[in-house]
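Going line by line, the protein sequences match chains A, B, C and D. For the first sequence, counting from 1, position 95 maps to 77 in the working numbering; every step adds exactly one. For the second sequence, counting from 1, position 399 maps to 381 in the working numbering; every step adds exactly one. For the third sequence, counting from 1, position 152 maps to 134 in the working numbering; every step adds exactly one. For the fourth sequence, counting from 1, position 295 maps to 277 in the working numbering; every step adds exactly one.
The hints are simulated quantities; they were obtained by calculation from the structure and are not laboratory data. A few of these clues could be false.
No copy labels: a pair is met if it fits in one copy or bridges any two.
To be verified - In silico DSSO-like cross-links for lysine-lysine, where the CA-CA straight-line distance does not exceed 30 Å:
hint: 1; residue 1: K196; residue 2: K62
hint: 2; residue 1: K383; residue 2: K62
hint: 3; residue 1: K383; residue 2: K243
hint: 4; residue 1: K383; residue 2: K202
hint: 5; residue 1: K202; residue 2: K65
hint: 6; residue 1: K65; residue 2: K196
hint: 7; residue 1: K383; residue 2: K65
hint: 8; residue 1: K202; residue 2: K243
hint: 9; residue 1: K243; residue 2: K65
hint: 10; residue 1: K383; residue 2: K196
hint: 11; residue 1: K62; residue 2: K243
hint: 12; residue 1: K62; residue 2: K202
Being a predicted model, the structure only gives us computed values, none of them experimental.
Number of protein chains: 4
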Amino acid sequence: MSLAHGRPYLAIPGPSTMPDRVLRAMHRAAPNIYEGEIVDLTATVLADLRRVALSSSHVAIYISNGHGAWEAAIANMFSKGDKALVLATGRFGISWAEHARGMGVEVEMIDFGRRTPADPARLEAALRADTERRIKAVLVTHVDTASSVRNDIAAMRAAIDAVGHPALLAVDCIASLACDEFRFDDWGVDVMIAASQKGLMVPPGLGFVWVSDKAVAASKGSDLATPYWNWHPRLFAEAYYQHFAGTAPTHHLYGLAESLKMLLDEEGLPQVWARHAALARAVWAAFDAWGQGGEFRLNILDPAARSNAVTAARIGNGGADQLRGWCEREAGVTLGIGLGMTEPGAPDAGDYLRVAHMGHVNAHMTLGALAVMEAGLQALSIPHGRGGIAAAAAVLAATTK
Amino acid sequence: MSLAHGRPYLAIPGPSTMPDRVLRAMHRAAPNIYEGEIVDLTATVLADLRRVALSSSHVAIYISNGHGAWEAAIANMFSKGDKALVLATGRFGISWAEHARGMGVEVEMIDFGRRTPADPARLEAALRADTERRIKAVLVTHVDTASSVRNDIAAMRAAIDAVGHPALLAVDCIASLACDEFRFDDWGVDVMIAASQKGLMVPPGLGFVWVSDKAVAASKGSDLATPYWNWHPRLFAEAYYQHFAGTAPTHHLYGLAESLKMLLDEEGLPQVWARHAALARAVWAAFDAWGQGGEFRLNILDPAARSNAVTAARIGNGGADQLRGWCEREAGVTLGIGLGMTEPGAPDAGDYLRVAHMGHVNAHMTLGALAVMEAGLQALSIPHGRGGIAAAAAVLAATTK
Amino acid sequence: MSLAHGRPYLAIPGPSTMPDRVLRAMHRAAPNIYEGEIVDLTATVLADLRRVALSSSHVAIYISNGHGAWEAAIANMFSKGDKALVLATGRFGISWAEHARGMGVEVEMIDFGRRTPADPARLEAALRADTERRIKAVLVTHVDTASSVRNDIAAMRAAIDAVGHPALLAVDCIASLACDEFRFDDWGVDVMIAASQKGLMVPPGLGFVWVSDKAVAASKGSDLATPYWNWHPRLFAEAYYQHFAGTAPTHHLYGLAESLKMLLDEEGLPQVWARHAALARAVWAAFDAWGQGGEFRLNILDPAARSNAVTAARIGNGGADQLRGWCEREAGVTLGIGLGMTEPGAPDAGDYLRVAHMGHVNAHMTLGALAVMEAGLQALSIPHGRGGIAAAAAVLAATTK
Amino acid sequence: MSLAHGRPYLAIPGPSTMPDRVLRAMHRAAPNIYEGEIVDLTATVLADLRRVALSSSHVAIYISNGHGAWEAAIANMFSKGDKALVLATGRFGISWAEHARGMGVEVEMIDFGRRTPADPARLEAALRADTERRIKAVLVTHVDTASSVRNDIAAMRAAIDAVGHPALLAVDCIASLACDEFRFDDWGVDVMIAASQKGLMVPPGLGFVWVSDKAVAASKGSDLATPYWNWHPRLFAEAYYQHFAGTAPTHHLYGLAESLKMLLDEEGLPQVWARHAALARAVWAAFDAWGQGGEFRLNILDPAARSNAVTAARIGNGGADQLRGWCEREAGVTLGIGLGMTEPGAPDAGDYLRVAHMGHVNAHMTLGALAVMEAGLQALSIPHGRGGIAAAAAVLAATTK
């Protein structure tokens, strides 16, 4: 007998749970891709993508995943041999750096480990040391999906400005957009990338790149920009197909239009952020309780450096893998695996897991996942403090008191 | 800000949560209704309906809701002026009696109230008193959806047999089928009715009537059996359309075929029952904890008389309505209203609610609903004992320890 | 090799092709059935059902098929022993009469055969002969789905009025509603029935009964009206569940709301009628051409007596069955079987077929079906006149010239 | 009044009509992307992609459109400054050449115009002239979607072999795969590209590249191969995510698995080709008839050089645009626009259109489209020969005679 039969809950940090309305919007015949409704809908989507990033600048849609969006940003910002400064706070920051290196970009990486955010003082120091202004762009993840560290983007901009360095500020918001507060214009971001399958609640298949006027200007003549990745024809398309360098991603556009309407016109972006913040606090309250006198440990000690979209945790002695297995097998909840949390070369001992609270997620889904985890900790006799789920419920109760 | 944005959870006792696979099976073009796959699929559905009731006899599908299935059973079992004995343990038992009266059947009702099951001794006494053998059938709900009382059907059969009374035993399993254990053959049931939208996990729109050979024989010549309700052509159809007295309910059949496959061939009926039993015990554990020193109270004191599909509870001072409102508005959980729990004529004070745990429901969904309720009790400052959700999690943990 | 692989086209007279939007509207989680959106949506649906019948009176929704709607109308209009006058022009008119007889109604039937409409003079004569005014209602099909005869409803009303007979006029529009012009108020109809799966473009599962004030008054005290069929609580519901005598048909309501919006608010009822009329003329043009010098023959000679929703035809020597088989097997088109077109007791020689042009059907679908039929006639070497599909195309070309 | 209300038919050459089953397979919750069913399903999809190309070699899936697949092939086959020989027979061949130039590849193009296929003699001559063996690959479209020319791939291979030139043979089958016969192994193809939205019947969003062992070897060390386009990790993935350079295109994979099952396991590839061939002949028969004495003209004179997937035609005096408008507005059929059929710089006079007969397409759909076109020609008084649709029907009738 298993208690998993019922609606499964996928709590991995992407792809996230999609609203029924989004899936429904995608269940339709193909449209004409030369004229008609898809053209109008695309214009709306592009406008809404700017709104969701609080950006007044430009945005390009790529048929790709997040790695493709990385490549698009790199291809436009750099020519071969140009230099990037990468601030890494987890596996995905490191991978972005490797991706840039793989394209012929010279990369200087500051690795802040996997449990603390990027330090603006070190960024400032690195830029000051770049007396020849060879660094074309600073690359940083807003939230590293692997470590769940959230970086202070406004502080990075301030550090760049303090030096008066001309480098572009490029931010990976794949894990955070429409979950953690993000302000493209206010924070002085030049390039931001995201993808469809997390806070935007659409299946994997689209990458997005927002581009400031400064970045548009800086990207002219980049010799890495191939016809597919070159953002200029996409940003300033004269014919419809140029938005996508060919055939449009018709069904993803229908889904995305629906999800953006839900986020922006129905719930409202500040409410979306507040919801994610409350659910995240509930998760942390449970994790803190379980951490009293047991193996359970939040990965990020400082709450201010934690994402509202995903939380990484450690349960020693392989407890994380055991718990993941129990939750999926017995209770219908799939938690995320640990990713890049051990030293390179070290064996993965199954000590890390992640729980996502991103996108189409409410009190019921999150509390249910936590209650299942608490049941699993007991069932597996993993040492843990008591009262986790009660503490989480109390956090959410307090939001409406 | 509301924490309800996300996948809503409907915890009312029907319609229940439907599996995605069922909805997907229904999202298709209409078939030919004269020949081909729908004919074969109907044969499979009819066989599986017998399996889900552990019945070796006959079954008719009606395009109707549960009230239609009531009417179908009455129309075939009785002629005008015949007598029925109804054992009522809640609003739905009483309504079935009223329905029979409305069709010209003379009804004797034994009302066991709303918090205790039918007493076989009283049934036996009533049958002994029927020396003229005027009672054609005994009508009883297996589970009354309103009160959540579960009756002991085998005991009812034993009472009838003890008297040697020829009355048919007719059971309403609308709320219980595929949730609470039910054995048509073993328990000597003659007529059983159910509907599509609860344990069978399909949208409302189909009623079912299972019929023993004895009931088939007894029903010949009933003058209430109209062409639509008459079960003979449906049970012994020579042409396909006779199964439905006309056009087949094509899309519901596709959905039902899928849900029966999930229940019978994938999970297995004993496992389905065990899952519902475990989830019910978790609900009761939470309710018991909240009931220590507060307003919260389980409606049925005796666990043996509680359904595994739905649980009714009382929170005085209008607390039930307040809690229902909070859960839906703030957390995405819709609980069931109280139904028929106050004295006739008395105003509904909003003191009752019901939580369903029927059908496509797992540990995540149920624990999530309980955790939301606990958060709501706190948010609303409704006096309640602590530790409800922790107790529920512990119950489920124990099932796999 | 078969040329059927592709989107199959079902050209049987119900269930008809459903719009993707309707199926999409039905692909969703269950709603709360006690309050909220489903309650509002039902009010809209009821209003739109009146609009689609051009009726200012009342309408009841039954979870049933068309036969259930027949039974609902009979149960309310008659008490046991009351008399009905049925005007039969095909299998379905005869069946409705048999249904009434099966409920204890005395039936006088005038059978006009299978190729000509009801004659108002004979109706008038029959009513004049009813000097005791025993006839409670005149029952007539607007379009008989089997024969494709269309009756002149206004003429029937005139005949009744000419006699000054108090009988209700009850019309079966199952095959015609939202295809052939129908005017409940203007034509003095008292009771009209329809079902979901034809012109209304929703899966089978709902029956509808429209009721004039006169019929409401006349139906009070009918002793055939059981709790399920009684239209009074449905027409004048105080609580939501009374509209459906129990649980609402949630998913069908979502689908129906969408289809009514398409018919009434987007295309517009006069345009819907005109479209069906044009497509019907195209079908007849093809059939007329094939009928020159071959086996092919339209069932109804008088175009004024043909339905715009379905056309029956004869191809002797079993040609109809052969053609149906070829079209389905080789070309992806399923035509309707002949129904009730042979004398009772005579063997079905496979000489009849029907092609539907009802509901969600456009020039492409209809011309495609005709072209496939023409290909099939050739492939099977069935003698037929040439130029059928060209004639059909010419008819449609002329509509926009 | 418009006769377009009904199921619209999109006859543009991609995206094509998708089977309901494919859309249904994509209407589901996201899966875990680290383990479980999606991993197994991907293995099946990769095997089936080899089967559909009759290829025993390797295949990579890219989240991209067809232009992305072009770029992937170029990025792996060439280093900057390498030379390509492009055989152009329409707009898409020319665009592929431009794409290669845009990536820094030196391109020699032989332009065969828009109405005739590539001449193997000219290919052979060009290769003989390349005495330094600078040409790394010969690029050719199997079917150019714009002109509907089909090239003889086996003849191209023979020409290369006749010279003994080491160049790779790279073929664009975006428009032809699973429509026109294609044999990767037998025809000695080294690189083949396709996309999801045409013969493979899945929404736009996936590009595919098949790679021979020779091409794998030749591609090692290409300096254009970025991390996203590099096919080595995709072809020889050790971890699941490497197949996609990151997050998998989960929903497209579900759809693709379903469509490949339909093509390969249910219908069978030879039957799929035969069906497309028959439908194409029907289209040509109609076009030939209309071309007798009017403006209508097939673009490709030689039937052996026509694609079975799409047919381009010319109607002078802007007739093509007028007809497209009528068919969409009045009859529910959307035809494809002419693309790249006029001289560069010349104004588009609206003289060209294309009708697709690719993918999920049967006799009903194709004959329906032709019949609608015939009606439109008449309605618009465009001079044309008679009997087009009758001729098309006769072609299809003959296939089963």
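Check the structure against each numbered hint from earlier and tell me which ones fail, lowest number first. 2, 4, 7, 8, 9, 10, 11
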